[in-house]
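Taking the hints into account, I'd like the entire structure generated from these sequences.
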Amino acid sequence: MAGTNPYQESEVAALPKQPYRLTFMPMEVTVEVNPEHLPASGEGLPGSILDIALDNGIEVDHACGGVCACSTCHVFVRSGGESCPEPSEEEEDMLDMAPGLELDSRLACQAVPDGSSAVTVVIPNWNRNHAQEVSH
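Going by my numbering, the letters in the sequence shown line up with residues -11 to 124, in that order.
Keep in mind that the hints are not guaranteed to be accurate.
To be verified - Here are the in silico distance ranges between beta carbons for each label pair: (1) R66 with N44: 16 to 22 Å; (2) E20 with E47: 16 to 22 Å; (3) W114 with H25: 26 to 32 Å; (4) E24 with D84: 34 to 40 Å; (5) G45 with Q6: 22 to 28 Å.
Everything labelled a hint here was simulated from the structure, so no lab data went into it. The model shown is predicted, which means the values in this text are computed figures rather than measured ones. Cβ coordinates follow ideal geometry from the N, Cα and C atoms, glycine included.
So, in C-alpha cells, the structure goes:
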C-alpha cells in the first residue's frame, strides 16, 4: 500500500525508463537512480523522491507513511521538476497545508521523476528529522 491512500483515487506514475541523477540539498548528496532497482524503499509511490531518498539513507519526515495523507514530506524541486507528472488534486490539497509553500513545492511521496532530466531537491530544515534513535 506504500504511496497509495485507499480513500483517494489517483493514477500511479510511470517508473523512469532511463537512469538519472537525483541531488538532495542542502546535504549535497547525489544519487544515481537506476530504474531497474525501483521501487527502492517501499515508502511513497514506487520511484518517488521519498522512496529513493529513504533507500539511500536520506531521512525525510513522512508521518503518514508516504500515502499522501499529510504534508510532512514537503520538498522543493529546484530543477528537473518537468520530469515529474503534475501534482494530483489530492497532492495539491495536502500541499495547501504545508508550511513555506512555493511554486516548486511537491510531496516527496508523490513526485516520481521520469528520468528525462537530472533532478535537484531541497529538503527544508523543518522536514529533516534530526532525532536519532540509539540502537540496542
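Results of checking the hints against the structure:
Between R66 and N44, the C-beta spacing of about 18 Å keeps the proposed range 16 to 22 Å intact. Remark: the range hint 16 to 22 Å for E20 to E47 is upheld by a beta-carbon distance near 20 Å. For the hinted restraint 26 to 32 Å between W114 and H25, the CB-CB distance of approximately 30 Å keeps it satisfied. Between E24 and D84 the Cβ separation comes to about 36 Å, which falls inside the hinted range of 34 to 40 Å.
Between G45 and Q6 the beta carbons are some 24 Å apart, a value that agrees with the proposed interval 22 to 28 Å.
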